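Asks: Work from the hints to combine the two standalone chains into their complex.
Here the protein sequences line up with chains W and A, keeping their order.
Using our numbering, you'd call the opening residue of the first sequence number 20 and step up by one each time.
Using our numbering, you'd call the opening residue of the second sequence number 17 and step up by one each time.
A hint or two may mislead.
[Unchecked claim] Lysine-lysine pairs mimicking DSS-like chemistry, simulated, CA-CA at most 30 Å apart:
no. : chain 1 : residue 1 : chain 2 : residue 2
1   : W       : Lys35     : A       : Lys216
2   : W       : Lys64     : W       : Lys257
3   : W       : Lys35     : A       : Lys139
[Said to hold, decoys possible] If the Cβ cut is set under 7 Å, some of the chain W residues that face chain A in the computed set are:
no. : residue
4   : Ala23
5   : Leu90
6   : Gln94
7   : Thr110
8   : Leu113
9   : Thr280
[Unchecked claim] If you anchor each label on the Cβ, the simulated ranges turn out as follows:
no. : chain 1 : residue 1 : chain 2 : residue 2 : range
10  : W       : Val103    : A       : Gln59     : 27 to 33 Å
11  : W       : Trp261    : A       : Leu178    : 53 to 59 Å
12  : A       : Asn77     : W       : Leu102    : 28 to 34 Å
13  : W       : Leu177    : A       : Tyr232    : 28 to 34 Å
What the hints contain is simulated information worked out from the structure, not anything from laboratory work.
Quick caveat, the model's predicted, so the values are computed rather than measured.
Ideal Cβ positions, reconstructed from N, Cα and C, are used throughout, including at glycine.
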Amino acid sequence: MDAAVLYNVPHEVPWKVYIPLYFYFTGLSAGSFILSTLSTVFGIKRFKPMALPAAIISFILLLLAPACLILDLHQPTRFWHTLVPEYFNRTSALSYGSWLLTIYPIANLIYIYFIYVKYDRVTKILGSLTVPLAIFVHAYTGFAFALVRARAWWHSALMPGYFLTSALLSGIALLVVVALVMDRFQKNKLDPELYTSLRLMMVAILLVDLFWSGSFWLTLLVSTADGYASIMLAFHEKLYVWGEYAAGMLAPLVILLLPWTRKHKAWLCVASLLIIGGVFLMRYSVVFIGFDIPLS
Amino acid sequence: MAEKNTLDREKAPIHRVADDAKGEPERAVPAQTTRKWAMLVDQRRCIGCHSCTVACKSENNVPLGYWRSWVKGIQKGAFPHVGNLYLRRLCNQCETPPCVQVCPVQATVRREEDGVVVMYYGKCIGCGMCIAACPYDARFFNPIRNTADKCDFCLSRIDNGLKPACVEACTSGALIFGDLADPSSEISQKLATTPTCVLKPELGTKPKVYYVQADYTLQGRIHFSDRFEDEILDYRQHIPSPGADYWKKGE
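Next comes chain A alone, as it looks inside the complex (with noise of 0.2 Å):
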């Protein structure tokens, strides 16, 4: 796949488009020079089966009681009027990332040639600056390599040809992964003709995973009501203690 396109992009024409509702002079569209990673999940296909968490914390050797992409389940209404929803979490790949901003070493930048946000594990001095500024909580502390981390697509596979891990385990064909930049790709034309959605858009991160029916109780952000102390509370209580060393036992 990444020859095939290596190949497209040496040989393909400047295509001239005319802009025939203003009236303008014909503009230069450059061919297709860089490509633009993106993920479509398809929240109405998914099944909760947690197949993707499995692949990508095989597939990127992430340490027990750590995930770099995890789905998060949420029960609305009572019964008998249930719905059970799933949201698949993953680094958004955010055009403007706040992680990239904040580095104070540069250790995580959005590449050019491809849009993903990528981590160099060597220059990270593990100052924490970064988790703290994931508006969207997917980075942490590998306890292993003692750096940060996160998603980036699976970078050794998508740098291969092959499609990320997640994407490939999906069972339910809910992990749509793709060129934006190429308007033909599968993603291109599934977000042109679908109504899709990122998570906190009014952050202005402009994130690279879209959502078909992300539903707002999804969204995790904390509600105004009168129990968000107890939403905190158990939030808490499920944040693994600094000094855990649980996921040393499956060393």
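This is chain W alone, in the form it adopts within the complex (with noise of 0.2 Å):
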């Protein structure tokens, strides 16, 4: 039977592009400090120069988060609502969220300055010990979404994987840009395979990250009313498709398995940009497009 909605009351959406951003800065902090552990706590030597730059720009992405999210707050000096025990919900993702945003920064500067004392072994357990953080900082926030039952977009179980290897996928790529940056400014060159090893983890997350999005695609579109269309005004969106697909990440695939480009520096430098580009498109498109389906 055909029904034409004559008039009806749509809310305005809560949240601004604080909130993409938001998780994007997690994103990429939770990627670059794991990629600091690589060498200082499981023991990889080659990423040793890395280390100390890694965890760095993890803090300072860290300062930037909370700063984004507070914004967003309409109420942005009641935060610290958050970190009442009495009003802390067991059921809410973001109140252990914000406690997590709490604690890892200052587990993460405490960190940073065992590295640069070299003490190695109080930086391995530190490092061990603030692992387990930075992964949970930034599946929380997929969590956050996941656990919303009303949108088809946002509760998938696939959610919190899916955002924490694209948040490993944007540090390596942001470490990337930085250790081309710092060869080229420093005299002690860093090891070639260094770049080698980045390159292929960023392919092995690629891949693992385009099956997050082929089983997320097929689900939904056998999915509710809601799921089908949601997919398919995420296919109509030029964003969507040209922007976090083409351009964020078969366009990188590509450039870093052909031959003739995988070995160029500048090359290598053109796909870790569009990574980063594309790992933000994700976030925006996870958040926007699930605000686009009238639930009403």
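Replies: Written out as structure tokens, the structure reads:
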């Protein structure tokens, strides 16, 4: 039966661009931090020169991330309510998240200090304690979406994993750019093998991300009306198809795999920058395509 | 009304009900200690006059351009066989509310004593998570209070023994408000004898707002069709922009 909505009251989208930016910054931070622990905790010597810059970048991004979050609040002066133990809501991902976002930067700062003074044993212990924090601080943002049953676009068990892998991806891509800049201005050059391993890691995670996306699309295509509408809408969005997937995932994948581009540092830089942009678009589309499907 | 019920509550004895069918021993059913406020919307009676919308805005001082409760209008069919249908929309006062689940500061909770989902405006940090999580799109940012806001069955009225403003204002008696925990209340009797439905039952939110004759076209789902894009574009057009300030003119 044909039916037309004559009038209805949709409410405005409660979030601004700060929210995807915040996800993006925590993702970058968690990714850089995990990269930094590769040498200090997991003992892969090749990544040693990256340990300190990666940890510092991770800390700076961690200062930006909560700032974005507080900017988006409609009552910014009340942000401390999230840290009052009495107000803690054990079913809310955001409650856990605000504690993680407080503890993690502190742990990160201590970790940076011990890398700086080259106290390797303590660094290893601190690093292994902070890695789970880094993982949770980003995975919780995935849970914040996955636990919203109202919106088919968010309510997916894949969300936390997808957020985590793309966080790693953006972290590595950022570190590649930083390493290339460091290489340019430093006297002692970095080991070229370092780039090879970073490149292979990016390729592997890109493939994992594409796998997540494929599973996500297929399940939504045979999901409820809401799920079907969201995925069809997403396929009509130019930013989603051409921005996030073509430019942000497939193009870098091709650049990183083709034999005549993968050897050049310039191409590596281009691919990394594309990935950094693509991961932001992923955050953006997750947040805002979710709001495009009318609920009432 | 409230006073009378408190007295009842004190005096009421413990009823003993024998479960004859299963031959089980007698079990104690405690007398009514809690309430369960609910609303029944009889769509057959609704004439689409929007009195409830107006009464709600007036009672709760809802800023211009925002609604705590509203009426959705739908036209079905094609001339000359046309049906004009209305769906009264308000907070569904869920028993397992998704908004309470996601609030990071417990600024919105479900009151144990009467099942109404209430807002604590002084606690709310305005993060918008509850607005994003409500499957009924019943929440919004109040631009004057700068916190999340929603229908709470006119809390100050029902706590003082009055009916919600919309129920008082309804011209055709389409809204019935009452206590589900009291089997002799009008709403309990109606619910027991009339086929009713709730919105989005598959989400398991157990809403306390029941509808008679809420047609599937009214229920606000997007339908499997090739035209869903127009539907969404139309929907987007009607979302007030975050920078809108027309509500300020009516301050």
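Asks: Could you tell me which of the numbered hints above are not met by this structure, giving the numbers in increasing order?
Replies: Structure breaks hints 2, 5, 9 and 10.
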